[in-house]
Amino acid sequence: MGLSNKFKDLESYSEVLSDGYQLLPFAFHKISPDKYIATNIVGEYLTVSRDTLKLLVNGTLLPSHPIYNDAKSKHFIMDRDSDTALDLLALKYRTKQHPISEFTGLHIFVVSLRCDYTCKYCQVSRKMEDVDKFDMSEETARKAVALAFESPSKSIKIEFQGGEPLLNFPIIKFIVSESLTLNIKENRVLQFVITSNLTFLSEEVLAFCKLHNIYISTSLDGPESIHNKNRPRPNKDGYQKTIDGIRAVQSELGKDRIAALMTTTSESLSNLEGIVDEYVQNDLHAIFLRPLSPYGFAIKTKQVEKYNVDKWSNFFKQGLEYIIKLNRAGYFLREQYTSIILTKILTPTDPKYVDLQSPSGIGISAVVYNYDGDVYASDEARMLKEMGDEKFKLGNVHTDDYIELFSSDILLDTLEESIAESAPMCSDCGLITYCGSDPVYHYATQGDVVGKKPLSFYCKKNTSIIEHIFELLEDPGSRKVLESWVL
Amino acid sequence: MIKLHSNKNIITSSSDAPLILKITKKYDLPKILRSKRALLVDSVTDINAYDGFDMVISRNKLDSKVHNVAYLSDDLNYLDEGDIVRVTPNSSDIRVLYRVNASANFLFVTERCNSFCIMCSQPPRDVNDGHLVEELIEAVSLIDIGERELGITGGEPTLLGDRFFALLQAIKSNLPTTSIHVLTNGRTFADPLLAKQISEIDHYDLMLGIPLYSDVSHIHDFVVQADGAFDETIRGILNLKRHSQKVEIRVVLHKQTYDRLPQLAEFIGRNLQFVDHVALMGLEITGFTRANLEELWIDPLEYMDKLSEAVEILARFKIHTSIYNLQRCLLPRHLWGIAVKSISDWKNKYYEECDNCAEKHNCGGFFASSDIKRSDNIAAIK
Amino acid sequence: MGFIHMNDVIITDRSPFELELSLEVYSLETCKKACYALMEFVSCKISTSSDKLLIEVHPTPDCTKGEEELKALLFDELLDYSLRETIAEKTDSIRTLILSNAFSKSKLVDS
Ligand code: SF4
Ligand code: SF4
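Residue numbers (the working numbering), protein chains in the order written: chain A, 1 to 487; chain B, 488 to 869; chain C, 870 to 980.
Pulled out of the complex, with its shape left as it was, chain A reads as follows (with noise of 0.2 angstroms):
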């Protein structure tokens, strides 16, 4: 049959097809001997065979290859009969730069380093006596809000970390009316977290938090065995506080004005589903499964070296293939780390997650001030130093200006050091766009910010996480729901 005779067929418009293509910019990465993935510099990406890769690359892919359209569509090739491909590149490098509220201008407050914990993987708390040498004062407080309200940043968002915050509950409340005093003239987004135990959280705590639409963060470790052997507390009472705390904050504040963080410890790892269900049974539908942090006691306890790599993928494997069924099963529950890479490979946009950015997120998309008034480039920075080394402190609030800390060689030349685009073995990963780079971590780990990548623990647990999403989302029930995570 075919068209009537006033028509073209597909093939004279595809004549211009077999005078071969433009390869554009790509990487990849072997996740077995014949399977790759291909990924170009704005997140897209092809699943290739080894073979399939040389013909695309060595400029023999044929038109009529299955991948074909494929590549043109997602901008690995360019062929004669199009040029928009440069437009648009262009165009989404630029999106993909670009930040989205969620991650940007993250302010952390040490008000406190004092605890009524005594965890043994804690990095930074003190003792709860000696208020006046760990807690942040008024002076202090009041020039760190006005450093957060010169950042550029159209969004501002306040955390409040120790040690235990809410031992220091008066400089909070002064932190917030200062910053919505500001906030009159400036009209930023602004937005308030509070990370907590819990313990303290009294009536006047929830009344302000809900009067300020204040968003509260805890730690829940997992059942009650495990949470209290993590993080015990003198009464042994933690784990019940928690939940309490949870509870009062879901009816007093909402369900969606709170979440927990879980720490995996070499405990954890055995227990598993009862740390999810742990979630689920608090109605909580966000959980972030995060390996050990090595710094402060947590590397002195020799915490750290408990467990492995593959032990710590596995174990993260098997966390995401079981709330992966509860999802299927109706309930739903979003890993956040998962979520967050997820954005980054199946949208045109970037949550600049501190972690997972290149350059950098440290003191760009996350600074922190100390009780004593000094401004380090990130938490792990200021863990760093409790731990006696200085390297990432940018500053002090009452010796030095915006300019000062923020354009401080340090910081700068860390930033530029760490660009992943640059790093060896980095620079050629065809993962490097849901990747990042994490000087302070690297810098802790191997003495340099810049890491030797095949012996990191960051470059192995991003790059077997990274695979297994991939693998994922070849299965269509995992890809529905994990459709459902992107932020």
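Hint data in this document are derived by calculation from the structure and do not stem from the laboratory.
One or more of the hints may lead you astray.
[Unchecked claim] Pairs of lysine to any residue residues, derived as SDA-like cross-links and limited to a Cα-Cα distance of at most 25 angstroms, are as follows:
| hint | chain 1 | residue 1 | chain 2 | residue 2 |
| --- | --- | --- | --- | --- |
| 1 | A | K461 | C | K934 |
| 2 | B | K793 | B | R861 |
| 3 | A | K255 | B | K793 |
| 4 | A | K96 | C | A971 |
| 5 | B | K805 | B | D786 |
Owing to the predicted nature of the structure, the values given are computational and were not obtained by experimental measurement.
With chain A fixed as given, assemble chains B and C with the ligands onto it according to the hints.
Leaving out everything else, chains B and C with the ligands in the frame of chain A:
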């Protein structure tokens, strides 16, 4: 199904020039308001009472010696207060340009087009029809303020150049609260100056509906039968968005486009996420589609999985999406929410199967042209 | 030529071995990158002479892989890194063009 055009009228006129007239039934309209009005009567009685009206339109025949009287063909019997018609006396022709009671009014501005789509419902002709837009500009000045939306269609409206912009300006000036929906292939907006020009109209609610049939250039160019069209359309969309214009992407679903629908959705999400709306549209069996039926027709049920997938992808990119022209019984329930009753009331119809259908009131039904071909899977919903 | 510092070469009981490659097939850069990627298992000393590349491969102390397996790994990396080199050669100028477009002052699109 109603007809918008008839040349079976009997018209006597003192001039042969086409007249743009607004229908009224108010025979006692003050004389000062009677120009450009056609008085609609059941039968002509006292001709002198009609003094001042540009024309009298009668539903019944009478003495044909009186000038400026038209005897309305039965096809146009539905004409009503406020409708606007073009009367061409020497060809007994009355064309309805605007109907107060229509769910959507489209101003047809030209038959000319720079594409030649294989499924065009309005096959283009290379004719000199510049008078159409002038008549429409006149018609627009007669429409009552308050009309919700006017469509502009062709051919390719932007080929009119300055006259196209003059029409937009006329709508804006006369009908400041009326939204405008232009159906264009977007190619001319590859010229940044034109995109700028349309932004300078500074209309508060003007949407450009632009078709994109594939994520790869050669397939799109084949569907619209024009080399380079894909690139021009993409550049056109980018230019329009650069100038903050609203853009809708329109995809007609048929045998040549359904296969890469998910990839097209992904392409739109990745590259054109900033568009305001995506319309996924069932095929109308008219125009070139009849000639190419074999190469175009596919039972919608066969592409439903791809359509579903495309909709999910667009949703993931948070793009507002609608489905047009597809019968509810062919769509899986989760797509009902975005299925729009889109077939214009003067074109649509239902079949026997629909009689006992519980969803009939939510279903747009069929194009009249579906007599020629429609899905084998139409079945009343219980 | 270049000595690649990954781990300092540690003398172990695992015996080092050598690989000889043609510079026409693999560039020095490709070779360095392939060795770097495998630093978990091997330390390499690379030298060149006229059209030859010589890699002296020292397995790391806790490497459990045998010589054949290490060779296979190394060749896989060599092949991949030479493909990457081809991509870079074919796309470097276009990458620069795209990035400069992306960062040009002009408004790319209204969002
Ligand atoms: S850290 Fe590892 S996974 Fe991430 S970009 Fe670098 S090489 Fe790739
Ligand atoms: S049976 Fe008729 S009315 Fe009912 S959904 Fe199908 S086409 Fe629409």
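Okay, the hints, checked on the actual structure:
Distance check on the hinted pair: K461 (chain A) and K934 (chain C) sit about 22 angstroms apart at the alpha-carbon level, within 25 angstroms; holds. For the proposed pair K793 (chain B) and R861 (chain B), the alpha carbon gap of about 19 angstroms is at most 25 angstroms, so the pair holds. Note on K255 (chain A) and K793 (chain B): the hinted pairing is violated, with a Cα-Cα distance of about 37 angstroms set against a maximum of 25 angstroms. Of the supplied pair hints, the one linking K96 (chain A) and A971 (chain C) holds, its CA atoms being roughly 10 angstroms apart against a limit of 25 angstroms.
A hinted pair counts as satisfied when its Cα atoms are at most 25 angstroms apart, and K805 (chain B) with D786 (chain B) does not qualify at roughly 28 angstroms.
The structure fails hints 3, 5 (numbered hints given earlier, in ascending order).
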